[in-house]
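Chains as they are written, first to last, in my numbering: chain A, 1 to 417; chain B, 1 to 417; chain C, 1 to 417; chain D, 1 to 417.
None of these hints come from the bench; they were simulated from the model.
Keep in mind it's a predicted model, so treat the numbers as computed, not measured.
Honestly, I wouldn't trust all of these hints.
Pairs count within a copy or across copies, as identical chains cannot be separated in the list.
[Said to hold, decoys possible] Below, in silico cross-link-like pairs of lysine to any residue (SDA-like), each with a Cα-Cα straight-line distance of 20 Å or less:
no. : residue 1 : residue 2
1   : Lys152    : Asp304
2   : Lys191    : Asn20
3   : Lys9      : Lys318
4   : Lys9      : Thr71
One-letter residues, chain by chain:
4 protein chains.
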Amino acid sequence: MSYFQNKSKIINDPVYGFINFPDDLIFDLVEHPWFQRLRRIRQLGLTFYVYPAANHTRFQHALGTVHLMDTALTIIQRKGYELSREDWIGALIAILLHDIGHGPFSHALENTLVEGYAHEEISLIYMQELNKIFNGQLDNAIEIYGGKHPRKFLHQLVASQLDMDRLDYLRRDSFFTGVTEGVVGSERIIKMLRVVNDELVVDRKGIYSIENFLIARRLMYWQVYLHKTVIVAEKMLVKTFERAKLLTQSGHRLFATPALDACLNMDPKNMKVSLSSMEFLEVFSQLDDNDILSALKVWQNHSDPVLAMLSEGLLNRKLLRIEIQRSPFSKDRIEAIKTEVRKKMGWDGGFTDYLVFGGMVSNSAYNDEYDQVRLWDNSGKLIEFTEASDIINPAILSQADNKYFLCYPKWVNLTKQ
Amino acid sequence: MSYFQNKSKIINDPVYGFINFPDDLIFDLVEHPWFQRLRRIRQLGLTFYVYPAANHTRFQHALGTVHLMDTALTIIQRKGYELSREDWIGALIAILLHDIGHGPFSHALENTLVEGYAHEEISLIYMQELNKIFNGQLDNAIEIYGGKHPRKFLHQLVASQLDMDRLDYLRRDSFFTGVTEGVVGSERIIKMLRVVNDELVVDRKGIYSIENFLIARRLMYWQVYLHKTVIVAEKMLVKTFERAKLLTQSGHRLFATPALDACLNMDPKNMKVSLSSMEFLEVFSQLDDNDILSALKVWQNHSDPVLAMLSEGLLNRKLLRIEIQRSPFSKDRIEAIKTEVRKKMGWDGGFTDYLVFGGMVSNSAYNDEYDQVRLWDNSGKLIEFTEASDIINPAILSQADNKYFLCYPKWVNLTKQ
Amino acid sequence: MSYFQNKSKIINDPVYGFINFPDDLIFDLVEHPWFQRLRRIRQLGLTFYVYPAANHTRFQHALGTVHLMDTALTIIQRKGYELSREDWIGALIAILLHDIGHGPFSHALENTLVEGYAHEEISLIYMQELNKIFNGQLDNAIEIYGGKHPRKFLHQLVASQLDMDRLDYLRRDSFFTGVTEGVVGSERIIKMLRVVNDELVVDRKGIYSIENFLIARRLMYWQVYLHKTVIVAEKMLVKTFERAKLLTQSGHRLFATPALDACLNMDPKNMKVSLSSMEFLEVFSQLDDNDILSALKVWQNHSDPVLAMLSEGLLNRKLLRIEIQRSPFSKDRIEAIKTEVRKKMGWDGGFTDYLVFGGMVSNSAYNDEYDQVRLWDNSGKLIEFTEASDIINPAILSQADNKYFLCYPKWVNLTKQ
Amino acid sequence: MSYFQNKSKIINDPVYGFINFPDDLIFDLVEHPWFQRLRRIRQLGLTFYVYPAANHTRFQHALGTVHLMDTALTIIQRKGYELSREDWIGALIAILLHDIGHGPFSHALENTLVEGYAHEEISLIYMQELNKIFNGQLDNAIEIYGGKHPRKFLHQLVASQLDMDRLDYLRRDSFFTGVTEGVVGSERIIKMLRVVNDELVVDRKGIYSIENFLIARRLMYWQVYLHKTVIVAEKMLVKTFERAKLLTQSGHRLFATPALDACLNMDPKNMKVSLSSMEFLEVFSQLDDNDILSALKVWQNHSDPVLAMLSEGLLNRKLLRIEIQRSPFSKDRIEAIKTEVRKKMGWDGGFTDYLVFGGMVSNSAYNDEYDQVRLWDNSGKLIEFTEASDIINPAILSQADNKYFLCYPKWVNLTKQ
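Here chain A stands alone, though its shape is the one from the complex:
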């Protein structure tokens, strides 16, 4: 059982009922302003334009992963694997903070707002700074998060094909979007986890749950995360901020909160050099969904027509048309659409690229970076999941599932016949 049940605080979670903070240190980290910021960042960005209830936050998700981690470690210990209090709490902290480096609308704006930083790196910077504040109590968590801890499975619980991150977000996103059939059996999968040679494996009889998990995940990708309306909204958001940065860096002064203003003015060329982590965190910690949405409201009246059109469209859900297909769009068709837009608007090419653009989105059931799921037989044998499952096409599993999209204004006449 968990070491940490005594001084617990309890919060309500519609997904799991009640969630304990299993330890005071967890509670103190949650109270820190850097973590509280996650209350102001939606887990699914602009997805609320398709699923209006999808306003749940990274704060809720992070607490949910702590709940699942505590359950998983309890199961693993119950199956006879001894775990020290330090390792236990390290794993809880590593998962609590795994997403603390996400900025607003991160799925879309990562690498646009703050170029050159992935959210994982920023999470690490936060952990290191928090470790100073909390007198080294995060040493273990940082090792686990970075994959440096000798007990490999602790890292796998934080980042692998079946980590607590995705077991929570799939379940939670399914709950809040209302896409009920996307539900994954998080609790059943966790009950079948096991540690063999310090590696995380799944009991063999869990094979159908894993199949179900992979297919539910795929459903959630195409039905939610890469829903075409979500794609077009997110791409418009990226275009808006690219435009805003360009305008700012060419001397225009746009309305922005101080934190957003700092981002718009960052010089991407020497980012990694010019900012010490504390300076950077100072700015980044002030940035959340509110800065973005506040700016859009003002920018919709800006004199730059591109910035104004995109901002107004995003705010009022007047989105570009989007087409999706399996193969790339022909250059001729894209060119023809651009020409029509240019002609109609009386614009030059630069403007048009903000309203007519394409690209590719991709989903693979397996993440390339991670090892395969392995199944554990009663006999002690380990088998790769792809070998054991016949119905899931193994070739497809780790191969990216690509779709191409093309966006342009709804008044364009050159829609597909």
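For chain A, the structure is supplied; the task is to place chains B, C and D on it using the hints.
Frame of chain A; chains B, C and D shown alone:
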């Protein structure tokens, strides 16, 4: 919208909230004793030995399918397909009565209790007799049920890869067993149904829901319907009744309700000849789970050791051991086990076959008898699902997924190493 | 935390997700045939005639109460109250077995099938016999069940205004009937339990949850437990068995399973004398819903018109008409109806009393036998709930809420104007 | 049945499953930027500080009320009351727009941000302007909203003790906070609605559902809406904006979005005079949660210590201490606390009043402004609910339930003994 909402009666259903009886005729059929009998037949037979809450009945399931059928027809009509009141109500009745021919513990005892009849045939006999009682008002329903109706899709809503039967039972069984990740998006799939050339098809964007449906169905098969404890319990039930029939037909008089007694005494050789349908229905209508369980309670004290052991084991959940594997069990091993049992019990071979036996269970994602699911493109093109989905291995899909089992007493020493 | 998590078995429960058997002894008791019998007894008797999904069993309920008891003891210990392993397991067993003495359709048939025994007494006999079988390991549980244990609150967790019994059954019955607004916050109430002077109290801030609990309970009474269709069905069942007993004891031989036959032949006058507990348990353990329903199916064709009519009506949901009102029905009206029935059927008075009868049903929010709920202030003060709540009328709370009913055949013309 | 099912759009709602837009006009109104703004306003303001998942918006709630209204009208029509298409759609629009005049954190900031306007008045202004845009198609809705429509019950469905507004918000808030026992049987209550003499009444047998509704509502008030942490956060928000207005109006220039800036600069004395509705709507339509939270982030670094402390406390959930009691706090105690704060901070009185303050919160089960709920007997008689229910204390029902609160910094030593 449905033609039938005016005089409706409403009942509570924990799965869908409220269910309407959309028409008085439906209500009158539900009131008939032949249909009321379904309140006394569990949907999942002995599955309650694994999932204690799986006591839901065929009565609830049948009402659930009516609810889904009414929803599906509403959607189809809303998409512009005109449907007459007669066809509508015919489809509702066909699905309401599709399972009325099931006997108690039908999954196990079909073809043991009443040899030579499949439940589909008995359902048809019931419909024909009810049609007489209700003055021909079931003509349409019988045509639809039998696949004779010109609008082919109506039959497909009753019996096909995506019929209302399985859309309800998968959802309902998942609910009552508590295997929440087996939930299928019945309502979402129904919203994507469409009729093209009088055939039932699914909107192309529904592909992920279909994938999810097939994998969830597979999960439910191995986790619930063919769970090894369920298999051993059901096979023991079959053996018990085979024994009871043999004893009866060789002159022993076993305790039984009159209806069960009639079954035990039926001569399988001339069944189809000797019984007019009304005589047969008379007996069959009195048969439900209570007759079976009542008999087991008395039989556990019978002087025949096989009948007593099996009955007592079933009642008190003292089941045989079961092994499951992908390949057939070796004859040598089976023989060795039988020898041990014979020696230990001082029995001859006949007895032993009731306690040591094997077999095969099988599940295929697709039913061979039915056409493939077809997807409908906006362009009007129809594509087979297996062509459109890359992740699901098409070769596997309609191929049976077989497992072999072997059952024997727990005290046998020859368990697998 | 619980002492017992190590060797746990897990089962699925649609209400709570997963339930642990926290200790091997609990598991062994569950495996015993006397407990397995509860799988064959519906929690809500004939309520399925109104709420078709209400087929859940006393088996599920008993496991649910164990889950809540384990949670409650964990909370209490976490708040600083030290509890020994023996007391803990004693409380788990006491609640597990609290309903083991229920017979089939107990709400209706208690005191008809087996006269002179209340189910609580039979539960105690079972516990005492099991204690012999399990070598005294139930000593503690029996003390707790009987209110003899020094830690008074343990008994209160088994039987009081807020015991684990009703916290489970209200929640569970609400779930399976689909009367979702009857849900009580079992888990929230349990989180606010506390032990003061060895007595169970509730944190003061829980007052709104208690109010809600009492009103939800009241809703469940009138909407479910005392729903007028449930009342008439249960009263018909009582009449049926009174008739069957009379016929049996006046020399007729009715179809019955051996266990039911023994009940029909019991002489109520010297019951407590003539049966040693083991003899009695032998019979009683073989009795469940199946015996009752099997008998009704045969009796519907019996030559005694009363027995046949009642049995047939019950089986096929052709129930008597029932009227409900706040004041007693006038003798004149009852007499007039009886006269009409007698005339129409050509019967004498004795027969008529089985088809025309009235009575009273009653519900009080508080059970008289138990102490009031007490609330615990942060200051340490204890207040009676009725003093603390202003909205709930205290006079009404422990006062019975009575309604009168009158049942008679539907073809009677003297219905109320 | 509804007139409007044909061209429907469907959206996912985790509370009800799927919601239809029953008519194109509803859909067009939803698309309007003024309505889209509701996506950016949380239904429960700062409640997410207690219940982290309470981020649901007024947008979702408004769609939910449309769903319930459509269901209620369908039920009423099915019971034989004829309703024209115009009245039907009028009622849908009236409920869709009933909350469109809410500003951000309206529960707290109403009358602080925009003094002199209640949200109901602003909703009406919006409806009138939308009526111009939509060529008079909202005439009927405006009559219904304003209580001027001849069919009185239509207004009652929008605003009364049992209106669709509270039937949705209680259910929805219970869902998202996770306070599951606060769930009200919205659908069951709606099924028991009826129109008698153009007035909305409830079938008599619904009395227990109404009792349950009132007590669940009371639970939600004290557990959620008036939870002490919610009160202190909201009161701090009010103080923050009072301070910001004072600073602005005395010449300081605070960071603010243009819309918020306009609010801070509004002169309350001549508000109703100086602003034409379109000018006002222009500003108000740009105002949402983002403006408030963005400002707080900047203000936490302002040189005014009061503004900075309150803003920083709110953002990072470092709230004042709050005490709650039934009787008013003594002036002496408040004065003593103020003195300590003044001394410790070296402040004068004006500053202190922002950090030490008290007040009263109040909840009554019934709203005074509305008529009582009336119950309809089968005999045709109407009875007041308070007469019919004995358990609910009628004197208390419409009487306000008051509590007093006192807030002050956590470092104050004079906490209650």
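Okay, the hints, checked on the actual structure:
With identical chains, the CA atoms of Lys152 and Asp304 are never at most 20 Å apart, being 53 Å at best within one copy and 51 Å at best between copies. Proximity of Lys191 to Asn20 under the C-alpha cut-off of 20 Å is found in both arrangements, the shortest distances being 19 Å within a copy and 12 Å between copies. For a Cα distance limit of 20 Å, the shortest separation of Lys9 from Lys318 across copies, 17 Å, qualifies, whereas the shortest one inside one copy, 44 Å, does not. Both within a single protomer and between protomers do Lys9 and Thr71 lie at most 20 Å apart by alpha-carbon distance, with minima of 16 Å and 16 Å respectively.
In summary, the one numbered hint that this structure violates is 1.
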